[in-house]
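K.L.:
Please model the entire structure based on the sequences and the hints provided.
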Amino acid sequence: MIIDGAILAAGFGTRMASPLPKVESVVLGETLLSYPWRALLSLGSRLDTIHVVVRPEGFLGDPGLSDPNGRKPAFVVQPVMDGTWGAVEAVAQSKPFRSGKATHLLVVNGDGPLLDESLLERFASLGEALPEALCLATAELADPRGYGRILRNAEGSVIDIREESRASEEEKRIHEVNAGIYLIPREILLSALSRIPPDPVKKERFLTTLVSWVVSHGGAVHTFPMTPECMLGVNTQEELATVTALL
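Numbering-wise (our numbering), the sequence shown opens with residue 1 and increments by one.
Heads up, a few of these hints could be off.
[Stated by the list, open to error] With a cut-off of at most 30 Å between alpha-carbon atoms, the simulated DSS-like pairs for lysine-lysine come out as follows: (1) Lys72 x Lys101; (2) Lys202 x Lys172; (3) Lys72 x Lys95; (4) Lys172 x Lys95; (5) Lys172 x Lys203.
Derived from the structure by calculation, the hints contain no laboratory data.
Predicted model, so just to flag it, every value in this text is computed and none were measured.
P.N.:
Below, the structure written as C-alpha coordinates:
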(Lines of atoms letter the chains of each structure in order from A and count residues from 1; the text may use other names and numbers.)
(Lines give C-alpha, C1' and ligand atoms only; values in the text may rest on other atoms or scores of the structure.)
Protein backbone atom coordinates (compact mmCIF):
# COMPACT_ATOMS: atom_id res chain seq x y z
CA MET A 1 0.00 0.00 0.00
CA ILE A 2 1.21 3.48 -0.92
CA ILE A 3 -0.67 6.37 0.67
CA ASP A 4 -1.01 10.00 -0.37
CA GLY A 5 -2.31 12.30 2.34
CA ALA A 6 -4.76 15.14 1.71
CA ILE A 7 -5.24 17.89 4.27
CA LEU A 8 -8.38 19.97 3.72
CA ALA A 9 -7.26 23.50 4.53
CA ALA A 10 -9.22 25.74 2.16
CA GLY A 11 -11.91 26.89 4.59
CA PHE A 12 -11.43 30.42 5.90
CA GLY A 13 -13.31 29.84 9.15
CA THR A 14 -15.43 32.95 9.49
CA ARG A 15 -16.67 31.91 12.96
CA MET A 16 -13.13 32.31 14.28
CA ALA A 17 -13.58 36.10 13.99
CA SER A 18 -9.91 36.42 13.03
CA PRO A 19 -8.11 38.01 10.07
CA LEU A 20 -6.15 34.76 9.68
CA PRO A 21 -7.42 31.70 7.81
CA LYS A 22 -8.52 29.18 10.44
CA VAL A 23 -5.68 26.69 9.87
CA GLU A 24 -3.12 29.44 10.51
CA SER A 25 -4.44 29.91 14.05
CA VAL A 26 -1.70 29.21 16.58
CA VAL A 27 -1.88 26.46 19.21
CA LEU A 28 1.06 26.19 21.62
CA GLY A 29 3.31 28.08 19.24
CA GLU A 30 2.39 26.11 16.11
CA THR A 31 -0.28 26.46 13.44
CA LEU A 32 -3.35 24.24 13.52
CA LEU A 33 -2.30 22.92 10.13
CA SER A 34 1.05 21.67 11.40
CA TYR A 35 -0.61 19.06 13.65
CA PRO A 36 -2.33 16.92 10.97
CA TRP A 37 0.77 17.44 8.81
CA ARG A 38 2.95 15.78 11.45
CA ALA A 39 0.38 13.05 12.04
CA LEU A 40 0.54 12.11 8.36
CA LEU A 41 4.34 12.20 8.38
CA SER A 42 4.24 9.47 11.04
CA LEU A 43 3.08 6.99 8.38
CA GLY A 44 6.71 6.79 7.28
CA SER A 45 7.48 4.49 4.36
CA ARG A 46 3.78 4.01 3.55
CA LEU A 47 3.49 7.71 2.71
CA ASP A 48 4.28 9.23 -0.66
CA THR A 49 2.93 12.78 -1.10
CA ILE A 50 1.00 15.06 1.26
CA HIS A 51 -1.38 17.34 -0.64
CA VAL A 52 -2.59 20.47 1.14
CA VAL A 53 -5.77 21.94 -0.32
CA VAL A 54 -5.80 25.74 -0.17
CA ARG A 55 -7.93 28.66 -1.29
CA PRO A 56 -6.86 30.52 -4.46
CA GLU A 57 -5.32 33.29 -2.32
CA GLY A 58 -3.26 30.77 -0.34
CA PHE A 59 -1.99 31.51 3.17
CA LEU A 60 -1.33 34.87 4.78
CA GLY A 61 1.81 33.67 6.56
CA ASP A 62 4.01 30.63 7.06
CA PRO A 63 1.78 27.55 7.53
CA GLY A 64 4.54 25.84 9.50
CA LEU A 65 4.81 22.65 7.45
CA SER A 66 8.35 21.54 8.20
CA ASP A 67 9.91 18.09 8.07
CA PRO A 68 13.40 17.15 9.30
CA ASN A 69 13.66 14.77 6.34
CA GLY A 70 13.00 17.55 3.85
CA ARG A 71 9.55 16.56 2.66
CA LYS A 72 7.59 19.41 1.08
CA PRO A 73 3.80 19.66 0.76
CA ALA A 74 2.12 19.59 -2.64
CA PHE A 75 -0.21 22.58 -2.50
CA VAL A 76 -3.45 22.12 -4.44
CA VAL A 77 -5.71 25.09 -5.15
CA GLN A 78 -9.44 24.48 -4.80
CA PRO A 79 -10.60 26.92 -7.48
CA VAL A 80 -14.22 27.11 -6.30
CA MET A 81 -15.34 26.76 -2.68
CA ASP A 82 -17.93 24.13 -3.56
CA GLY A 83 -17.53 21.73 -0.64
CA THR A 84 -15.29 18.98 0.67
CA TRP A 85 -15.75 16.78 -2.38
CA GLY A 86 -14.58 19.69 -4.51
CA ALA A 87 -11.41 19.80 -2.39
CA VAL A 88 -10.75 16.07 -2.77
CA GLU A 89 -11.54 16.23 -6.47
CA ALA A 90 -8.93 18.98 -6.88
CA VAL A 91 -6.33 16.63 -5.36
CA ALA A 92 -7.39 13.72 -7.59
CA GLN A 93 -7.06 15.91 -10.68
CA SER A 94 -3.69 17.38 -9.69
CA LYS A 95 -0.50 16.43 -11.51
CA PRO A 96 1.31 15.14 -8.37
CA PHE A 97 -1.50 12.68 -7.64
CA ARG A 98 -2.09 11.67 -11.25
CA SER A 99 1.59 10.98 -11.84
CA GLY A 100 2.19 9.44 -8.42
CA LYS A 101 2.10 5.85 -7.26
CA ALA A 102 -0.41 6.14 -4.43
CA THR A 103 -2.93 3.31 -4.15
CA HIS A 104 -4.99 5.21 -1.55
CA LEU A 105 -5.75 8.79 -0.52
CA LEU A 106 -5.98 9.46 3.23
CA VAL A 107 -8.12 12.56 3.81
CA VAL A 108 -7.97 14.53 7.06
CA ASN A 109 -9.14 17.96 8.17
CA GLY A 110 -6.70 20.82 8.59
CA ASP A 111 -8.24 22.01 11.86
CA GLY A 112 -7.81 18.82 13.93
CA PRO A 113 -4.76 19.17 16.20
CA LEU A 114 -5.67 16.14 18.34
CA LEU A 115 -5.37 13.61 15.52
CA ASP A 116 -3.40 10.73 16.99
CA GLU A 117 -0.43 9.34 15.07
CA SER A 118 -0.95 5.78 16.29
CA LEU A 119 -4.60 6.00 15.24
CA LEU A 120 -3.61 6.87 11.68
CA GLU A 121 -1.21 3.94 11.63
CA ARG A 122 -3.98 1.55 12.71
CA PHE A 123 -6.39 3.15 10.26
CA ALA A 124 -3.89 2.58 7.46
CA SER A 125 -3.58 -1.06 8.54
CA LEU A 126 -7.36 -1.45 8.14
CA GLY A 127 -7.07 -0.16 4.59
CA GLU A 128 -4.22 -2.56 3.92
CA ALA A 129 -6.41 -5.47 5.04
CA LEU A 130 -9.36 -4.18 2.96
CA PRO A 131 -7.63 -2.64 -0.08
CA GLU A 132 -10.74 -2.26 -2.24
CA ALA A 133 -13.01 -0.79 0.44
CA LEU A 134 -13.75 2.82 1.31
CA CYS A 135 -12.74 3.18 4.96
CA LEU A 136 -13.89 5.98 7.24
CA ALA A 137 -13.39 6.83 10.89
CA THR A 138 -16.39 7.15 13.19
CA ALA A 139 -16.95 7.95 16.85
CA GLU A 140 -19.71 7.40 19.40
CA LEU A 141 -20.81 10.71 20.94
CA ALA A 142 -23.08 11.16 23.92
CA ASP A 143 -24.26 14.38 22.26
CA PRO A 144 -24.05 13.93 18.47
CA ARG A 145 -25.65 17.25 17.58
CA GLY A 146 -23.98 18.97 14.65
CA TYR A 147 -22.40 15.84 13.20
CA GLY A 148 -23.32 13.61 10.28
CA ARG A 149 -24.87 10.35 11.47
CA ILE A 150 -23.69 6.95 10.25
CA LEU A 151 -26.59 5.02 8.73
CA ARG A 152 -26.42 1.22 8.68
CA ASN A 153 -28.75 -1.42 7.25
CA ALA A 154 -30.26 -4.36 9.14
CA GLU A 155 -27.03 -6.34 8.65
CA GLY A 156 -24.96 -3.55 10.17
CA SER A 157 -23.31 -2.42 6.94
CA VAL A 158 -22.79 1.30 6.37
CA ILE A 159 -25.09 2.67 3.68
CA ASP A 160 -24.87 6.45 4.07
CA ILE A 161 -23.84 9.46 6.13
CA ARG A 162 -26.77 11.71 6.90
CA GLU A 163 -25.98 15.35 7.56
CA GLU A 164 -27.92 16.65 10.54
CA SER A 165 -29.76 19.26 8.47
CA ARG A 166 -31.35 16.43 6.46
CA ALA A 167 -31.73 13.84 9.23
CA SER A 168 -35.08 12.58 10.44
CA GLU A 169 -35.88 12.61 14.14
CA GLU A 170 -35.09 8.89 14.30
CA GLU A 171 -31.75 9.41 12.55
CA LYS A 172 -30.87 12.24 14.92
CA ARG A 173 -31.00 9.73 17.78
CA ILE A 174 -28.05 7.83 16.27
CA HIS A 175 -24.88 8.39 18.31
CA GLU A 176 -22.33 7.06 15.80
CA VAL A 177 -21.03 10.03 13.81
CA ASN A 178 -18.68 10.76 10.96
CA ALA A 179 -15.21 11.71 12.21
CA GLY A 180 -14.15 13.26 8.89
CA ILE A 181 -11.22 10.93 8.12
CA TYR A 182 -11.34 8.79 4.99
CA LEU A 183 -9.07 6.26 3.27
CA ILE A 184 -10.14 6.14 -0.36
CA PRO A 185 -8.81 3.57 -2.85
CA ARG A 186 -7.45 5.21 -5.97
CA GLU A 187 -9.85 3.31 -8.23
CA ILE A 188 -12.90 4.52 -6.28
CA LEU A 189 -11.61 8.09 -6.21
CA LEU A 190 -10.99 8.31 -9.94
CA SER A 191 -14.25 6.54 -10.79
CA ALA A 192 -16.24 9.08 -8.76
CA LEU A 193 -14.75 12.20 -10.36
CA SER A 194 -17.48 14.57 -11.58
CA ARG A 195 -20.14 12.11 -10.40
CA ILE A 196 -20.87 13.42 -6.91
CA PRO A 197 -23.93 15.71 -7.11
CA PRO A 198 -24.35 18.86 -5.03
CA ASP A 199 -26.44 18.82 -1.89
CA PRO A 200 -29.97 19.92 -2.87
CA VAL A 201 -30.16 22.38 0.03
CA LYS A 202 -26.64 23.73 0.51
CA LYS A 203 -25.64 23.42 -3.18
CA GLU A 204 -22.18 22.15 -2.21
CA ARG A 205 -20.61 18.80 -3.05
CA PHE A 206 -19.78 16.90 0.11
CA LEU A 207 -17.27 14.11 0.60
CA THR A 208 -19.87 12.35 2.75
CA THR A 209 -21.91 11.68 -0.41
CA LEU A 210 -19.14 9.36 -1.61
CA VAL A 211 -20.36 6.75 0.90
CA SER A 212 -23.80 6.30 -0.68
CA TRP A 213 -22.23 6.53 -4.15
CA VAL A 214 -19.87 3.64 -3.36
CA VAL A 215 -22.71 1.56 -1.88
CA SER A 216 -24.95 2.21 -4.90
CA HIS A 217 -22.17 0.97 -7.18
CA GLY A 218 -21.71 -2.27 -5.27
CA GLY A 219 -18.65 -1.23 -3.29
CA ALA A 220 -17.83 -1.91 0.35
CA VAL A 221 -17.61 0.65 3.15
CA HIS A 222 -15.89 -0.15 6.44
CA THR A 223 -15.57 1.94 9.59
CA PHE A 224 -12.78 2.46 12.07
CA PRO A 225 -13.67 3.56 15.63
CA MET A 226 -11.84 6.47 17.20
CA THR A 227 -12.17 8.36 20.47
CA PRO A 228 -14.26 11.55 20.46
CA GLU A 229 -11.28 13.65 21.57
CA CYS A 230 -9.22 12.75 18.48
CA MET A 231 -11.86 14.11 16.12
CA LEU A 232 -12.25 17.50 17.77
CA GLY A 233 -11.94 20.32 15.27
CA VAL A 234 -11.74 24.07 15.67
CA ASN A 235 -14.38 26.46 14.36
CA THR A 236 -14.50 29.10 17.11
CA GLN A 237 -12.13 30.75 19.57
CA GLU A 238 -13.81 28.75 22.34
CA GLU A 239 -13.04 25.48 20.56
CA LEU A 240 -9.47 26.68 20.03
CA ALA A 241 -9.16 27.12 23.79
CA THR A 242 -10.62 23.64 24.36
CA VAL A 243 -8.14 21.81 22.14
CA THR A 244 -5.26 23.89 23.53
CA ALA A 245 -6.15 22.68 27.03
CA LEU A 246 -6.20 19.06 25.81
CA LEU A 247 -2.81 19.15 24.08
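K.L.:
If a hint holds in the structure, say so; if it doesn't, say that too.
P.N.:
Quick rundown of the hints versus the structure:
This hinted pair checks out: lysine 72 and lysine 101 have alpha carbons roughly 17 Å apart, not beyond 30 Å. Distance check on the hinted pair: lysine 202 and lysine 172 sit about 19 Å apart at the alpha-carbon level, within 30 Å; holds. With a C-alpha separation of about 15 Å, the suggested pairing of lysine 72 with lysine 95 holds against the 30 Å cut-off. For the suggested pair lysine 172 and lysine 95, the alpha carbons sit about 40 Å apart, so the restraint of at most 30 Å is broken.
Restraint check for lysine 172 and lysine 203: satisfied, since their Cα atoms lie roughly 22 Å apart, inside the 30 Å limit.
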